[in-house]
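Peer 1: Sequence:
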Amino acid sequence: MGIFSQELPPIQNYSPVDYGAQNQNWSLSQSDDKYVYAANNGGLLEFNGINWNLYPSPNGSTLRSVKAFMGLVYTGCYMEFGFWKRNSYGELFYNSISNKLPVELLEDEEFWNIVTLDNYILFQSLERIYVYNVSDNSVKVIETRTSRAKIFNINGTIYFHSIVNGLFKIENGEKVLVSNHYLLKKFVVAGIFSVNNRTILVTEKGDFYFLENEDLVPWHNPLKEQSNAVNVYSSIQLADGSIALGTISHGIYLISKKGDVITNIDQENGLNNNTVLSILEDVEHNLWLALDNGISIINIDSPFNEYIDRNGKLGVVYASAVFKDYFYLGTNQGLFYKRINSKGDFELISGTEGQVWLLKKFDDVLFCGHNNGTYAVSQDQAKLISNFPGTWDIKDIPNHRDMLLQGNFNGLSVLERINGNWVFKNKIEGFGISSRFLEFIGDTKVAVNREFKGIFELELDNDFSKVVEEKNEASKGTGASLSTYLGNVLYASNNGIFKYNENTQTFVIDTVLTTIFYDNNDNPVGIFIADEQSKRLWSFTNSNIVYASPEKFNSSSKINKIAIPSDVRRNLGVLGFESLTPINNEKYLIGMSNGYLTLDLKKLTSKEYSIRINSISRKSNDSETEKISLDSTTTFNYTQNNLFFSYHVPEFDKYTEVNYQYQLEGIHEQWSDFASVSNVSFENLPYGNYTFNVRARVGNDISTNIASYSFRIERPWYLSNMAILLYVLCFFLSGFFVHRLYKNYYRRQREQLLSDGKKKLKRKKLKAQKKIVQIKNEKLREEVANKNRELAISTMSIIKRNEFLNTIKDQLKKNANNPEVKSVIRTIDRNINNSDDWKFFEDAFNNADKDFLKKVKNLHPELTANDLRLCAYLRLNLSSKEIAPLLNISLRSVEVKRYRLRKKMNLLHKDGLTDHIMNI
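Quick note, our numbering runs 160 ahead of the 1-based positions in the sequence shown.
Check the hints yourself; a few may be wrong.
What the hints assert, rightly or not - As a list, the in silico DSSO-like pairs of lysine-lysine whose alpha-carbon atoms are at most 27 Å apart:
| # | residue 1 | residue 2 |
| --- | --- | --- |
| 1 | Lys-712 | Lys-762 |
| 2 | Lys-763 | Lys-484 |
| 3 | Lys-555 | Lys-636 |
| 4 | Lys-418 | Lys-939 |
| 5 | Lys-543 | Lys-613 |
| 6 | Lys-924 | Lys-939 |
| 7 | Lys-585 | Lys-520 |
Just so you know, these hints were derived from the structure itself, not from any lab. These figures come from a predicted structure and were not determined experimentally.
Hey, can you work out the whole structure from these sequences and the hints?
Peer 2: And the structure:
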């Protein structure tokens, strides 16, 4: 198990909360497809490495036993036994055997144990063994009476123990007494094994006996040296011949074939519970423990062993060393020690409290680099030999066996051996920069790396007391470190590995090492650590521990990768301060933030992994999730286009990480990124043909197969062939109707255009007619104006003539007595009152102002002809003075006429006569 008694294989614990069932687990078994089954108080537990499934007991009672055999899972419980078979949906269904028995079960019979032999399944209760033949389904009953139902298959022979009668075996379907030794009637047999072709019995008290014929010969008792209170309940012989014993209160003991106790693992150092009810060794040699409270897995064959500092006493481990039967750990809390294989805890060496940076052996002395300086360590003592603070590293000085060069917080210093004792000699003057990484590149020449300041190449004087020459080479990246591998001084950073060239005295890229270490996205992070003794160069990435080693038949190096989970990488202390120490040629100790790991390169093996699809379920928008068959290609309705896939690789190693990558041909031709999630869902998939592919990466290995499932999603009804035919028909019909509509539309448009054209022509015609009317009106207005002018001229002519005649008349009246004069006066009067003149005036006036006199007569029918004549003159806007000659009356008479006319028209005082006549 290892050179340190407290370092244990990796342990994984599953509580009832994790697996979703009750506390107690009574039995364990593994199927050919690597599924692990547990008989639990709540039913049958199934675990595939990712998910737990619980199948309730067939009659609701506690399952006591389970055995996977030839694709079936056999179980036994209260008054019932039978087998579970997987259907095409990936689920287990129970089939009873006990209800087809030729005999009745005994009252309250319970089946505690199941073993297989050839084609036979043996179900054991406290009173009977039922032998079930899988070939013909027949059952034979063997009467037994035991106090604890234990049945053992040793090299093809079935044994069982009765505390009343002794040890029996089954031959030809019958029980045969092997031994009735008195011890067999005193103690319950908890296990029977074959060691070196000898049969060994172990009792419930932890006593071992060789079965020699019918006699029991004691074997030296390793458990009694551990504890006298050991009570063995379960046992199993492992593939390597060692024995695992499960106890009631002390966890599990591993016993070698020689009878030595390899280790004891209990609740204090990692198990869920101290009561181990059943033990299973799976095909990869992991130990499964069915506990009184939970289930634990111990990775016995893991290359990693671990020491977990559960109480935080140690702190972060920065350095380690095995020296003269002592094991030392340098942490941020101080220097701790314990004897190799001691069961005791680590103890702090007094005076070393504080940060330890280094543990290194030179000749026969172990040096401790500390914040305080440098200590020389012997057993449980540490002596401060240099108080020059902060010792990072110590190096041999070429050709000076009695001198050592130290790298310190404030530069370089020298240790010297005087009379066999190492003492501080001097600080090297001329250089005061912190010197965590240093390597000799000449007898007196040292390379010192200081991260962002680059590499300092220092030429020291022959006394190693001062720097005589300093050369600074620029930094080549971050995360830089110096180491010596295969005689070459290497400078490593995030940009590659550089080798010191003695000819150019510079660091140049080492293409070989850079290529093998920086070949993908998983590049080194942190420092490089060289193991010159084993010729290995180590580094850490985010998911691997990587080392380079020389090829056997050429001078190049090959890369080796050891996969680790990402959470383990994050737990490897402070980035850039990784600690890896060789214990021997093939074993290394790796410091962690809560203890340490040991890595055994001899246990590294190559495995092949296979992936399988566990289950497929579908869901439509309006229904519950429904599982579907895994056996054949399936066609889904278009509403069932939400699919869920679950898959797994059955891997149970704590330090092996499984990641999955999937592809859905038909929609996602590219593979997804690797992820730890073991299921994927696709929602609202369009119709079409699909193939789901999934593969796994286990550590750095790709699964040997690609699990696939092909399926088809039908077209929705509205995209079916019939629907498409209808769509085409509808398209043509719609085209036809649209054509008709457009035809009618354009016909109506044409008619509308013709109608609009006619309307436009009509409007143009009306407009032309209006224009003609307008022209005629204008012509009429001109004619009226001409008539008015003629009327005015004629009126003025009449006025002038009458005025002239009146003037003559007035002169003739002076000789009125003359008969001839009187005759002339009468002639003048006749001409002044000539009705022809009025008729001419009236016609001219009516032409100029049509129907005016009629309108006036209609409005005022009482008007006389003389009144109408006055209205006509007023219409022409003539003054009373102008009217008097026309009427052949005086001006006064005109005013009287106007007054009388107002009376006849009933005009108000405020209304003007002329205005009233003008407005008619």
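Peer 1: Please go over all the hints and tell whether each is borne out by the structure.
Peer 2: Hint-by-hint comparison with the structure:
| no. | hint | result |
| --- | --- | --- |
| 1 | Lys-712 - Lys-762 | holds (18 Å) |
| 2 | Lys-763 - Lys-484 | holds (26 Å) |
| 3 | Lys-555 - Lys-636 | holds (24 Å) |
| 4 | Lys-418 - Lys-939 | violated (149 Å) |
| 5 | Lys-543 - Lys-613 | violated (34 Å) |
| 6 | Lys-924 - Lys-939 | holds (22 Å) |
| 7 | Lys-585 - Lys-520 | holds (19 Å) |
Violation of the numbered hints given earlier is confined to hints 4 and 5; the remaining hints are satisfied by the structure.
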